[in-house]
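> In case you want the letters, here they are:
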Amino acid sequence: MRTTMQNVFMTLSVLCMAVPAFAQAAGSSSNSMVPLAAGISMAIASGLCGLGQGRAVASSTEALARNPGARPGIFLFLVLGLAFIESLALFTFAIILFKVK
Amino acid sequence: MPLQHFLEHLLNLLMAAPVTALMNWIGRPPINPAAPIDGVFTMELLAFLLLLIFFVIVRLSLNVEKPGTAQQLAEMVEEFVTNQTEPIIGHKYRVYLPFLSSILLFVVINNLLGLLPDVDTATASPVVPLGLALLTFVYYHWQGLKENKHKYIQQFLGPLWWIAPLMLPIEIISHLARILSLTIRLFANMFASDLLTLIFFSLFPFALPVIFLGLHLGVSLIQAYVFMLLASIYIGQAVAHEH
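From first to last, the protein sequence lines stand for chains H and U. If you're matching positions, the first sequence starts at 1 in the numbering used here and goes up one per residue. If you're matching positions, the second sequence starts at 1 in the numbering used here and goes up one per residue.
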């Protein structure tokens, strides 16, 4: 427990040092971290969105194989679910688009 | 496409003065007072005109014995929307069919016109999906009020009376979030597809980007379908009777 807290406080103290350093770097040079951040956030968003959509498609295909008669209902919920999952990645895209200038 | 620029010039030539005056009056002066009408609005108007012409042709050539091509197309659209919305809304779906079909056709036409090179995609500008989402929002609340009268408020208050102060803000926020999600879904999909084609065109400016145009075609159709489906789900929820 003691070592854990020690680690946590050490990390926090390092972070206290780090924040002004980053701020200075961003202020003095041009904002070169911005494309990096946009790329990484888009990568995380679309990667996880891909995982989620993969799970949705996998289970709907399985359901379709078990019960081909339920096609219209499964298709409806599949398209809806994919649209909702996809919109999460698109929210990230919109945030990047509007915040990064 | 030269047609868009031609129409844009024509509109600006005819309507620039009143539109600028109107925009000044509402406190949002246009960036370029001599040409306040942009490509997005021109494409919207073009889609509107195409739909209007289509509907007029269908109406004039209605024939029970010998249905023409336009009538076949209109019946296909009607059948598709019916098949999709009847399981969601129930047997009263026919009242909402005109709204849902027009939303579907308008979004499809705007999305597909955006596939042409050198044309502004109307739905890839946040304003147009926002307008459609606001229209859907107002429409389904209006229909819910019309269908359920004063009992419509019960949908926002939750099942128990003492939970109402908690449920009301949550419901209001979730209903407003529907506008946001409808807007951003359509806008970001179309914008991202445009951008994707453009980026791959700049990487490899020959033949390969056509694949992404194919993807864009699929996305255009699916997003129009999803927009129509979500609108019908919202209407279905609003007009449902509590049992």
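These are calculated hints, taken from the structure and not from any lab test. Where a beta carbon is used, it is the ideal one built from N, C-alpha and C, also for glycine. Hints should not be assumed to be uniformly reliable.
[Unchecked claim] One-sided and incomplete, this derived list gives chain H residues near chain U with beta-carbon spacing under 8 Å: (1) I40; (2) F77; (3) L80; (4) G81; (5) I85; (6) S87; (7) F91; (8) A94.
> Against the earlier hints, flag every one the structure doesn't satisfy and list their numbers going up.
Of the numbered hints, 1, 2, 4 and 5 do not hold.
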